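*Asks:* Same order as they appear, the protein sequences are chains A and B.
To get my numbering, take the position in the first sequence, counting from 1, and add 41.
To get my numbering, take the position in the second sequence, counting from 1, and add 24.
For the record, the hints were derived by calculation from the structure and aren't laboratory data.
Everything numeric in this text was worked out from a predicted model, so none of it was measured.
Just so it is clear, CB atoms sit at the ideal spot from N, CA and C, and this is done for glycine as well.
Mixed in with the good hints, there may be bad ones.
Stretch-level coverage of chain A by chain B, calculated; a stretch enters the list once three of its residues show a Cβ under 8 angstroms from a Cβ in chain B [claimed, not checked]:
1) 43-52
2) 64-72
3) 87-97
Which residues of chain B face chain A? A partial, calculated answer using Cβ under 7 angstroms [said to hold, decoys possible]:
4) E31
5) H237
6) T288
7) Q291
8) H304
9) A343
Cross-link-like lysine-lysine pairs, in silico, BS3-like; alpha carbons within 27 angstroms at most [unchecked claim]:
10) A:K438 / B:K279
11) A:K226 / A:K283
12) A:K341 / A:K318
13) A:K341 / A:K421
14) B:K290 / A:K438
15) B:K290 / A:K341
16) A:K67 / A:K115
17) A:K67 / A:K283
18) A:K226 / A:K67
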Amino acid sequence: MDLNFTPEEEAFRAEVRAFLAEKLPKRLSDKVANGKHLSKDDMQEWHAILNQRGWLANHWPEEYGGPGWTAVEKFIFEHECALENAPRIVPFGVNMLGPVLIKYGNEAQKRYWLPRILDGSDWWCQGYSEPGAGSDLAAVKTTAVRGVDEQGEHYIVNGQKTWTTLGQHANMIFCLVRTDREAKKQEGISFLLIDMNTPGVEVRPIVLLDGEHEVNEVFFTDVRVPVENLVGQENRGWTCAKYLLTYERTNIAGVGFSVAGLERLKRIAFEQTRNGKPLLDDPAFAARLARVEIDLENMKTTNLRVIAAVAGGGVPGAESSMLKIRGTEIRQEINALARRAMGVYARPFSQDMLDAAYDGPQFGPDFAAAASAQYFNNRKLSIFGGSNEIQKNIISKMILGL
Amino acid sequence: MNFEHTEERRMLADSLNRFIAEQYAFETRDRIAASNEGYSKAMWQQFAELGVIGALLREEDGGFGGGGFDIAVVFEALGRGLVIEPFLGSAVLAAEAISAAGSAEQKARLASIADGSAIAGFAHDEPATHYELARVQTRAERGGDGWVLNGAKAVVAQGEAADWFVVSARSGGAVDDEAGISLFLVPKDVAGVQVIGIPTIDGGRVAELRFNHVQLDAGALLGEEGQGYAVLERAVGRGVLALCAESLGAMEAAKAATLDYLRTRKQFGVPIGSFQALQHRMADLLLEIEQARSAVINAAAALDGERIVRERALSAAKASIGRIGTLVAEECIQLHGGIGMTWELPLAHYAKRLVMIDHQLGDEDHHLARYIALGRRLAA
């Protein structure tokens, strides 16, 4: 039993820290630290910096341009990035589609698409959820009908995807589509890559409760997709879908985000006062803060135990469901406490206050507007990636055997 | 990073688990718990021969372990078996106080603790303490050739079985001061010591101690006069870890029993474990127990570390265990329904033990407040 990282891992951590100190633009980390909007250019800039170093596709095998990191090294990298307020890696191309192509794509697909993910030629988004297929993902209804015309074999796609994160920036979308309406639910699904500039694709924004345009609806009307864009076998797309979801669950506990959030929360609670004393000394507030801090201390170790099991040859299975549930609960509680710490100043809000260039009047403490926006925005954490209730179903079935 | 126990510890845990499964089955435990002695002398000897007591003591104290993870491994197994023999009071709390502060002559007593031939009691809590470590009202005054003790101690584990006690008493300072607390070794049979025994709700026996002009010789003082607080903190810290690990073992046993019940009990023609309302409660318990295990690991790893970091990890663990242990107890009874309310079901006794661990060496609220206070010192 040893909770310390090995000297090699500590050296790796130092290497990551040195890299972040040198290469992470302060302009970007300030935005993240202060809860300001990141533009498409901001995100692409960070991707390019990571790619330059060979660290963007850190889940990919070395032969495809990955760094060949162990599970522990991936954890250290993600943790240090979160602590230094680096922008998140936009996961759809590099962390989701990439591994699917590497496992199920043909040679031509790998050769064409993978380098374009790395160099930013394509911005991918995810076409999974539909209005009638949320937690019940296999209920997708978007159809793809195979046909032939003078330009060759193709699919004609009709239907609608939703909750398409950052789809407004994307030129490509990977979709689960129904290619066999007669087959049983999971068996008639295929995994298709669709160019969003094809006629018949329409993206409409969904504005979230915090006023943010983060997600979209994507409509498909007689969209022609070349048959070369099928990944894996026709009607076997569910296999790809499930495989991708296991990658969606990496770093699912978000411990680094919670540690960074807790540090900020403590700063806020030190600066804000009640009865002339720091909020940190208010017994009710301090107790709630201590509870979530203790939960996070325990979660750090739980997270490392799961990672150590993976590193030791174990399989990261349903344990990640536990990390997802409690990790997101902790993040949401930290968000809730930051909002509460703002008192009456939790309310004044307009979207432009979250622009780095905002120079209008200041209402209340620095982080006030961002605290409320993050609180509402992060209600999503317990809903996406398989709602926390779905995670409990998984635990019941896979771990408890109920 | 490595979360596997050493080979030696795994072997120790295996042999202890096997012994408990074979020799300490629930019926045996139930009989011992209700006995006039409140523990089994024969079992105590067997545990000593198995090396279980020795594993809790350091080499220089006559044992062959004594590390944080030794304590964790042993007490998790003891918790799984609901063992009530006096490991905590004798081999952890009293032994650590003697190890930390004892003279060579006093330390000689550790050998009799290690081989099980003597049982030491740890008499610190008082009727008005409510877990505050520095709140000591029992008085020690110089008199005769040594000291005179007056006061009372509360809920001393196996107080009747103990041959002698480590007793905290105030020789100076105000009632809540850390300074001015002295420790003494007090034989049970000395004049003026009254021991009033009583069973507990979770098995075994405890005693109230009264000291009425108890005359002690000068050699009874353990450590420096007035400097007992740091010794108490060290001993209680190890005791906190032991209780946390014991609770974890009891949680695992309660979880296994409840899962078994959910799979076999049928209502409406199906196992009740097929109902989502119960599945989600069980999934929550699993998650909480894994967090509790992490808390125990954190505490064990911090045991020999720097003071504030160590004490914070211990308080974080005890606060976690207090909350989670109570939750596991309440949920497991609820998931069992009526049968969970009965004496005949072992689960009910695990539930009682889990709840009562929160009443030893500081409950959830106490350790949460302590964690906050220690954090301020860290920031200052």
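*Asks:* All the hints need checking, so say for each whether the structure fits it.
*Replies:* We went through each hint and held it up to the structure:
1. With 6 residues bearing a CB less than 8 angstroms from a CB of chain B, the region 43-52 of chain A meets the requirement of three and the coverage assertion stands.
2. Counting residues of the region 64-72 of chain A whose CB falls under 8 angstroms from any CB of chain B gives 0; the rule of at least 3 is not met.
3. Residues of the region 87-97 of chain A lying with their CB closer than 8 angstroms to a CB of chain B number 0, which falls below the three-residue condition for coverage.
4. With a cut of 7 angstroms, the hint placing E31 (chain B) at the interface with chain A is violated, because the nearest CB-to-CB distance is about 12 angstroms.
5. This hint is violated: H237 (chain B) has a C-beta 42 angstroms from the nearest C-beta of chain A, more than the 7 angstroms allowed.
6. Here the hint on T288 (chain B) is broken, as its CB sits about 11 angstroms from the closest CB of chain A, past 7 angstroms.
7. The criterion of a C-beta within 7 angstroms of any C-beta in chain A is not met by Q291 (chain B), whose closest approach is roughly 14 angstroms, and the hint is violated.
8. At its closest, the beta carbon of H304 (chain B) sits 5 angstroms from a beta carbon of chain A; the interface hint therefore holds under the 7 angstroms criterion.
9. Restraint check, A343 (chain B) versus chain A: the minimum CB separation of about 6 angstroms is within 7 angstroms; hint holds.
10. A hinted pair counts as satisfied when its Cα atoms are at most 27 angstroms apart, and K438 (chain A) with K279 (chain B) qualifies at roughly 16 angstroms.
11. Proximity of K226 (chain A) to K283 (chain A) is assessed by CA-CA distance (about 14 angstroms); at most 27 angstroms being required, the pair is judged to hold.
12. Our distance criterion of 27 angstroms between C-alpha atoms is broken by K341 (chain A) and K318 (chain A), whose separation comes to about 31 angstroms.
13. With a C-alpha separation of about 22 angstroms, the suggested pair K341 (chain A) and K421 (chain A) falls inside the 27 angstroms cut-off, and the hint holds.
14. A threshold of 27 angstroms between alpha carbons decides the hint, and for K290 (chain B) with K438 (chain A) the separation of about 18 angstroms falls inside it, so the pair holds.
15. A threshold of 27 angstroms between alpha carbons decides the hint, and for K290 (chain B) with K341 (chain A) the separation of about 39 angstroms lies outside it, so the pair is violated.
16. Distance restraint check for K67 (chain A) and K115 (chain A): the Cα-Cα separation of roughly 23 angstroms lies within the 27 angstroms cut-off, and the hinted pair is therefore satisfied.
17. Between K67 (chain A) and K283 (chain A), the direct Cα distance comes to roughly 37 angstroms. Violation of the 27 angstroms bound is thereby established for this hinted pair.
18. Distance check on the hinted pair: K226 (chain A) and K67 (chain A) sit about 49 angstroms apart at the alpha-carbon level, beyond 27 angstroms; violated.
In summary, the numbered hints that this structure violates are 2, 3, 4, 5, 6, 7, 12, 15, 17 and 18.
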